[in-house]
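Single-letter residue listing:
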Amino acid sequence: MNSVNQALPLPAELPLSFRGPAPVRTVAGFGFWLFLLSDIVIFGVLFAAYAVLSGETAGGPTGASLFDRKHVLIETACLLVSSVTCGFALLAAQRTEKLATYFWLAATFALGALFLSLEASEFSAMIANGAGPSRSAFLSAFFTLVGTHGLHVSAGLAWLFVMVLQIATLGFQPMVGRRLFCFALFWHALDIVWVGVFTIVYLGAR
Amino acid sequence: MEMESSAQGAAPGSNVRTHGSRGSYLIGLSYAVILTLASFWVASTDLIYAPGVPILLGVLAIAQMGVHLIFFLHISSAPDQANNFLALAFGVFVVFLVVFGSMIIMANLNHAMMPMDRLMQMQR
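Keeping their order, the protein sequence lines are chains A and B.
Residues in the first sequence are numbered consecutively from 3, following my numbering.
Residues in the second sequence are numbered consecutively from 51, following my numbering.
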């Protein structure tokens with residue numbers, strides 16, 4: 003990947019203005035990092051809306067009566083372990099071990115899918131009990147915030163599936179490695195957002 | 051994997067010291083599990099002075115986000131991570147501004163607003 007740079011003298015010997023652009027992986031990683039931060043700002047806005055509206059239940063059910071902490075703990079465990087399996091997949095891909103990469107990516111996919119199905123069952127049970135997003139401002143904010151996180155996880159699963167196809171067809175090219183690396187950043191960032199969700203929404207419920 | 055030249059910065063997840071080992075992920079996982087279980091325990095126990103619970107939950111959440119950043123995303127304050135770290139600092143700043151700004155403004159408006167029943171009377 004760095005064949006262009008290897009022909010040059012060591013970077014420390016050159017003044018900064020002679021060193022040329024940073025390697026593609028650094029530029030791609032930094033650009034994706036900026037995207038992730040802007041995504042986190044979106045979640046920040048939704049958190050702000052939730053914090054302001056969480057008490058406005060309009061006589062409807064409150065968070066404390068709706069949320070099941072055991073359920074949330076299992077969802078949290080799914081995301082935490084999937085973050086680690088995703089990291090293991092990245093390490094296996096860096097060693098270009100195809101079988102190990104597939105295994106850890108499959109584990110990540112399974113845990114992400116389990117998380118989504120748990121969340122879907124929670125949402126459908128709430129809506130069936132008359133606590134849908136149209137019931138109160140609190141529930142609108144809840145479904146927007148947690149639903150946006152769920153949408154991100156769904157997008158992540160779709161991306162993961164595409165990455166498996168790309169490894170199968172293109173192999174471990176630098177390009178594929180960069181995409182997998184960006185996917186890992188995305189998946190870990192979703193985990194950070196979930197820490198905020200379970201603390202503020204589920205554990206902070208009054 | 052390849053090492054990047056430090057002067058041009060490094061990609062967010064490529065901290066040389068912590069990246070490239072399963073150990074870093076497993077240490078991160080064990081910290082995260084401890085902090086998560088602590089959060090759930092704090093939220094459901096009666097042992098802790100009730101008004102202190104939200105503060106404790108906040109501290110635990112921020113600690114866990116830090117653990118995720120260091121052990122999973124491999125962000126650090128190393129010289130080659132300056133760009134990533136500054137971007138992160140700016141993102142955190144914007145999030146705090148939006149969240150706490152909204153909360154303060156809305157609490158203020160709530161406080162200054164006339165009670166709803168009197169407002170309705172005046173509009174008649």
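Just so you know, not all the hints are guaranteed correct.
Residues from chain B shown here face chain A by an in silico Cβ test under 7 Å; the list is partial [claimed, not checked]: (1) Pro-62; (2) Ala-88; (3) Ser-89; (4) Met-115.
Covered by chain B, per the in silico footprint, the following chain A stretches (three or more residues, Cβ under 8 Å) [claimed, not checked]: (5) 24-33; (6) 51-63; (7) 118-127; (8) 182-191.
Hints in this document: simulated from the structure, not taken from any laboratory.
All C-beta atoms, glycine included, are put in the ideal place defined by N, C-alpha and C.
Open item on the list: Please check whether the stretch 24-33 of chain A has three or more residues whose CB lies within less than 8 Å of a CB on chain B.
Closed with: holds (count 7)
- [ ] Examine the stretch 51-63 of chain A: at least three residues should have C-beta closer than 8 Å to a C-beta of chain B.
- [x] Holds: 3 residues of the stretch 51-63 of chain A have a Cβ under 8 Å from chain B.
Task: Coverage criterion applied to the stretch 118-127 of chain A (partner chain B; beta-carbon cut 8 Å; 3 residues) - done: Violated: only 0 residues of the stretch 118-127 of chain A have a Cβ under 8 Å from chain B.
Task: chain A contact restraint for B:Pro-62 - C-beta distance below 7 Å - done: B:Pro-62 check passes; min Cβ-Cβ to chain A is 4 Å, inside 7 Å.
Open item on the list: Less than 7 Å between beta-carbons is the criterion; does B:Ala-88 satisfy it with respect to chain A?
Closed with: violated, 11 Å
TODO: Report holds or violated for chain B covering the stretch 182-191 of chain A, Cβ cut-off 8 Å, minimum 3 residues.
DONE: holds (count 5)
Task: Agreement of hint B:Met-115 with chain A interface, Cβ distance less than 7 Å - done: Holds, because the Cβ-Cβ distance from B:Met-115 to chain A comes to roughly 5 Å (cut-off 7 Å).
Task: Agreement of hint B:Ser-89 with chain A interface, Cβ distance less than 7 Å - done: holds, 6 Å
When the structure is compared with the earlier hints, violations turn up for hints 2, 7 and for no others.
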